[in-house]
Structure formats: structure tokens, C-alpha cells
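Colleague: Residues per chain are reported as follows:
Protein chains: 2
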Amino acid sequence: MTDPSDRSPAKARTLISVDAMGGDQGPAAVVAGMVKSAKINPDIAFILHGPRSELAPLVERQPTLADRVTIHDAEGVVTMDDKPSQVVRQGKGTSMYSAIEAVRSGEASVAVSCGNTGALMALSMIRLRKMPGVNRPAIAVLYPSSNAQGFNVLLDVGADIRADADDLLRFALMGKSYARNGLGVDHPRIGLLNVGTEEHKGRTELKEAHDLIRDHAADAGFDFVGFVEGGDISGDRADVIVTDGFTGNIAIKTGEGTASLIGIRLREAFKYSILSRLASVLAYTSLMRLRRKIDPRRVNGGVFLGLNGTVVKSHGSADATGVSAAIKLAAQLADNGFNDKLAARVAATLPAQQENDT
Amino acid sequence: MTDPSDRSPAKARTLISVDAMGGDQGPAAVVAGMVKSAKINPDIAFILHGPRSELAPLVERQPTLADRVTIHDAEGVVTMDDKPSQVVRQGKGTSMYSAIEAVRSGEASVAVSCGNTGALMALSMIRLRKMPGVNRPAIAVLYPSSNAQGFNVLLDVGADIRADADDLLRFALMGKSYARNGLGVDHPRIGLLNVGTEEHKGRTELKEAHDLIRDHAADAGFDFVGFVEGGDISGDRADVIVTDGFTGNIAIKTGEGTASLIGIRLREAFKYSILSRLASVLAYTSLMRLRRKIDPRRVNGGVFLGLNGTVVKSHGSADATGVSAAIKLAAQLADNGFNDKLAARVAATLPAQQENDT
Chain A
1 MTDPSDRSPA KARTLISVDA MGGDQGPAAV VAGMVKSAKI NPDIAFILHG
51 PRSELAPLVE RQPTLADRVT IHDAEGVVTM DDKPSQVVRQ GKGTSMYSAI
101 EAVRSGEASV AVSCGNTGAL MALSMIRLRK MPGVNRPAIA VLYPSSNAQG
151 FNVLLDVGAD IRADADDLLR FALMGKSYAR NGLGVDHPRI GLLNVGTEEH
201 KGRTELKEAH DLIRDHAADA GFDFVGFVEG GDISGDRADV IVTDGFTGNI
251 AIKTGEGTAS LIGIRLREAF KYSILSRLAS VLAYTSLMRL RRKIDPRRVN
301 GGVFLGLNGT VVKSHGSADA TGVSAAIKLA AQLADNGFND KLAARVAATL
351 PAQQENDT
Chain B
1 MTDPSDRSPA KARTLISVDA MGGDQGPAAV VAGMVKSAKI NPDIAFILHG
51 PRSELAPLVE RQPTLADRVT IHDAEGVVTM DDKPSQVVRQ GKGTSMYSAI
101 EAVRSGEASV AVSCGNTGAL MALSMIRLRK MPGVNRPAIA VLYPSSNAQG
151 FNVLLDVGAD IRADADDLLR FALMGKSYAR NGLGVDHPRI GLLNVGTEEH
201 KGRTELKEAH DLIRDHAADA GFDFVGFVEG GDISGDRADV IVTDGFTGNI
251 AIKTGEGTAS LIGIRLREAF KYSILSRLAS VLAYTSLMRL RRKIDPRRVN
301 GGVFLGLNGT VVKSHGSADA TGVSAAIKLA AQLADNGFND KLAARVAATL
351 PAQQENDT
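From first to last, the protein sequence lines stand for chains A and B. Using UniProt numbering, read the first sequence as starting at 1 and increasing by one per residue. Using UniProt numbering, read the second sequence as starting at 1 and increasing by one per residue.
There's no promise every hint is true.
Copies of the same chain look alike in the list, so a pair counts if it fits in one copy or across any two.
As the list claims (entries may be wrong) - Lysine-lysine pairs mimicking BS3-like chemistry, simulated, CA-CA at most 30 Å apart:
(1) 341 to 83
(2) 130 to 207
(3) 201 to 92
(4) 83 to 201
(5) 207 to 83
The set of hints was computed from the structure by calculation and includes no laboratory data. Remember, predicted model here, so these are calculated numbers, not experimental data.
Model the full structure from these sequences, guided by the hints.
Modeller: Rendered as C-alpha cells:
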């Protein structure tokens, strides 16, 4: 599918596979995000997937991208309404499929897509396959928090709606690797999400997972702080919060919705009177500073963990800033050889079942 | 336990049973909240539960409360650390037990407590018992939202960690009654919390519950909007959000934590420079206006639904404003004969099992 007339990326650069299609803002926003990233980071280059006729003119217009983009022609587009099962059956030839394929073949270290999350997860599962020792992959996000880094890792936020005790232990290991390679926290504090911090509370699988994670903490190089509550997702009790994909998905969407409601109310409050309008002008830089700190675009990107290859899911509505943040994260994980380290860590921790047998 | 020397409340007033103890701020904050409420609402009076020696001086100091408070002497206090099971066995003689008892005996229409939620639920279950037709009671809260009333009803937020399809149907009926009597929404829109809005998504019991609630909507007088997501808890797609107590508890705590982090960041942003400090002075009234709109103290009070009697759980850290908001809600529910109407509604809706049998 590669056209020999394409510019070849420089050899030493980290190659990132980018799905140009499927985001709400179209390929122009994706290319703009690549430009932003390429300007900041001279060590990255891209394989861009989508209809060549549409992408080539967008790329050629950007001097920053000269010699740093290979286009893989793919005519098909996965839309937000496509069902994952359909995409698995008929997705070959789409830009999403092609973007994952470049990771599977080893051409690129990591893939980035703004497309349909369910379809991206399903295709990634089928093509990249699960890492040995992992039964359920997970999607991890960075959630704004009051800890030193300013963010906690939360997983799973929706790869699967279920997780048993063994899966939750794997999530802890994956979260630990992600906190180390994505946030630079060497010895993260890990908490298990529950409705109370007392050990007798919560569902049976959570009590089981509690003991399993506790018993592996020392060997795996993290602190287990036990059960944590919803409020700790944005707090400083843990750096990594482990939960099943149903609960995690509800939690981040509740948090995002609440933050957005506060934003609306804040704007209303400042529009109320002439004095408050004046205050809002003076407060502008303060409010922009706040926005930078809690702007979801700046930590844009859920990471699929537990597959043979790293896939970064950017928000569907991501603009250039959002895409650039996702690319930054992808480059960071690729540079750190994140997935190999994660695989080694998971392999080093036998499933509970096997351990009990030995 | 009543001392005949106590002032008798006026006959026509709505009697509210108030647990003076167990909150973080002690009985003085509770009495201050009663004063606030009594000033605004001339039609309420109180039975106050706790150590008479401590409470009588606090009450006597308040002219507003003259002839409006009966003290029920109870020496014991349920603390935040007491386990619910302990309190059920040994709780007799505590102010919490006494407060619930006044509702059980019919003296008061509704009880208010700032104490230990788990213990309050367990004692309420044992003493008031479940309403006929209800298998699991629920705790409902008002969550700030962008709908016309400014709040959605969310339940269950932690009475139980489980809920099957039949329970979720009961939650919908309870939520409907609460939206009507607590928020004044006659024909509320009800949504079922899930990880996506497509009908094929989510756990099996949710798909079952989806169809069950849909089939009862017309008769029960609500609109069923189907599955909703975490972001809709603060949104305008539904007025009532139904979920199990595990998910609901994580959701509200995540939302509260996120709101509190934004508050911290907002204060930091305004302290950053001299100009931003000046802006914060000018913005003061705007920020206070915002705070009033999203202040959790102003909608303080989870309501226990599905018992033979109404219990309002005020936040453990509630101050006078918080206690007063909980009392206001209690008075509103008592005046509307809320619990009788709810019982009639639940009784009118046969459990799915029985329906299938007929």
C-alpha cells in the first residue's frame, strides 16, 4: 500500500502510526496536530493512514512535515456509528485497520487514532492480540489530580465491562508501568476503587483483588494503599486507581460532565453584571491558567494496555492541541520501550491460579 | 423517654425528628441549622435526640426555637467509625436510634441525621422495615445539573452495592416520586446509567432493567429516555438517573472530588499574580454566585427511599447551612405525604415475577 514516491522518514526517528480519519474534526485537525508535535519534537516521524488523494495535499502544505510523513493509502473510514463487530468483519481497508497494521508489522512503535473507541479496541484486540498473561486488556487515562504530577492514572475506563480479581491485579501491573513510563513516577501508590476504604466493604471480587494486589506489591515495585473511593480519583492518596471498565467509564464521564457544568456556570456567573464582566476581563489570564491545568485536551489520550503493541485513543472531538497531546504521549511511551517492559513485568507475575498450583 | 417538662410543639406543625449527634461539627451546628430553618418556615417543629444535659442549654439560648423543640434524651452516640452491624446490635439508647424511633412510632413524619451513613441505613432498615414490594431500599441525592430545576435525582448512591433488574425498576418508581415531591417535576424523564446509550451495550441485568422500566413508564407517569452515560448525571437528558449503589456511590464521590479539585485550582489561579488577586476581588460576587449554584450544602441530604418512613441523611461535615437544607427537604417531603404516595405507587406496580405469573 506504500507509494514509493512518498518521502521516507529519517531512520533514527521514532515512527508513530496515525489514523487520519474518524475524528469529529476530520484529517485537517489531525495533520495540524502532527505539525504542532513535529515542531516541538524533532525526533518523531509519522506513517499517516487514510485516502491519499485527501491527505497528500494537506501534508504537502506543511514544511514542518517535509520528509517526516509516509502516507499509507486507505480509502475506508470507520465512523462513530459503526458497530465494533461490523468493523472487525469488514474493517480491512479502513484507515483505522491500516494504522493498527503498521504497529502489528513492527513498522511503527505505537498507533494514534481519534476514531470510534469500541471499533479501535476490537480491531486492536484482533490484530495485535493480547499480551501473554493478560486476559482482559484495559484502557488507561490520565485524570487531573492534586498529587505532585498533577495527574492520576485510572484504568480500566471501558475496554471491557467486567474484571475479576486476576484482571484487576493485571490492571495494577499495567497501571504501574504506565505511571512509570507515562508520568515518570518510579514507585507509584496504587489504590483499588471501592465504595469505602474499610477492608470488609464492597463486592466479593474486590476483596479477593485487594489481597492479591497487596501480596504482589513489593515484588512489582509499587505501594498498595488498599481501597480508595471515587473522590480519590482526583486526589492525592494514590497515583494509580484500579477498577473495572464499567465503573471506570461511568467515573470519568461523571467527572468530565461535572467539570463541564462548572465551566458553564462559571461563564454565566461572569456574565451576570457589568462589574462581573469587568472582573472577567481582569481574571482572563487566571482563568486561562486554570484551563491549562485542567484542560482535558492537554492530557488527551486513553492508552490501550495489555496488547502486543501500544495504541493511543485520542478524544473523538480532539482538535490540533488534542491530537498533539496524544502524539506526545505516544512518542513518550514508544521511546521508553514501554510495551516490552510491561510485557516483561506481566510475565514475571504469574497468574494467581498458576501460583497456587506451584 | 420524653420529659413532661419539655415545651410541647404546636399541634399543626410538621414534626421533624432530628438526631443532634454524630455529625463532625457536633450538636451546636445541628441546633444552628434548626434555628435557620425555623426562622424561614413557621410550620415546622422538632423532636431533638441526644444527651439532654448537652442539648437543653443549646436550645434554650435560641428564642426562635421556643415552644418548637421537644428533647428526647439519649446518651449514646453512634460515631463515624462504628460498624453498622455493631450499631444494629448495640445501638439502642443512641440518639440515632431514638431519632428513627420517633418516625417508627408515628410521632414525627421524617428523621434527619448527620451521622454514620451505613449505621443509619442499617438501623432504619431494622426499625422502619422495607416498604411492601421493595426488596432493596435506595439512597437518592440531588445532583447539580443543567436541566430546568438545576438538579437531577440520582439513586442508589450506596444503600446497597447490588441491584437486579427488578430493584432498578423500583428505583425508577422511587426516583419518580422523589422528583415529583422533592423537585416539583410532575412527569420526570428517567434514564438508566450505562457505559453507552446503545441498547446492546452493558451488563445483562441492565438490558433486562431497560425493557422492564420502559414497559412501566406510561402507567407510572414518567418518560423513559433509555440508557444514559456518566456525563448525563449533570446534564439535561434526564431528571432521574437510576443505577446500583456501587456505581452511584463511585459516581457522586468522583463528581464531588472533581468539583473540589477545580475549586482548589481556581483559588490558586486567582492567587497567582497581583493582577489576578485584583481580579479575584472584583470577581468575588460572581464567584459567590457560582458557589451558591453548585454548593453541595444547599442540596444537602440523601434520602432513604423504600422504607416505611422517610429518613434524610445529611452530610457528616454539614454546618448550619447544610443542616438547614436537609431540614428543608425533610419538611417538603413530609408536607407532601411523600412516603404514602410512594408506597401506593410501588404497590400499584407488581414485581415482574408476579406479572409474568398472572
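Colleague: Run every hint past the structure and note whether it holds.
Modeller: Now for the hints, and whether the structure bears them out:
Taking identical chains as interchangeable, the C-alpha atoms of residue 341 and residue 83 are never at most 30 Å apart, the minima being 33 Å within one chain and 43 Å between chains. For a Cα distance limit of 30 Å, the shortest separation of residue 130 from residue 207 qualifies both inside one copy, at 26 Å, and across copies, at 28 Å. For the identical chains of this complex, residue 201 and residue 92 are inter-copy neighbours only, at 24 Å across copies versus 46 Å inside a copy, given an alpha-carbon limit of 30 Å. Taking the shortest alpha-carbon separations for residue 83 and residue 201, only the inter-copy value of 11 Å comes in at or below 30 Å, while the best intra-copy value is 37 Å.
In this assembly of identical chains, residue 207 and residue 83 lie within 30 Å of each other by CA distance solely across copies; the values are 17 Å between and 35 Å within a copy.
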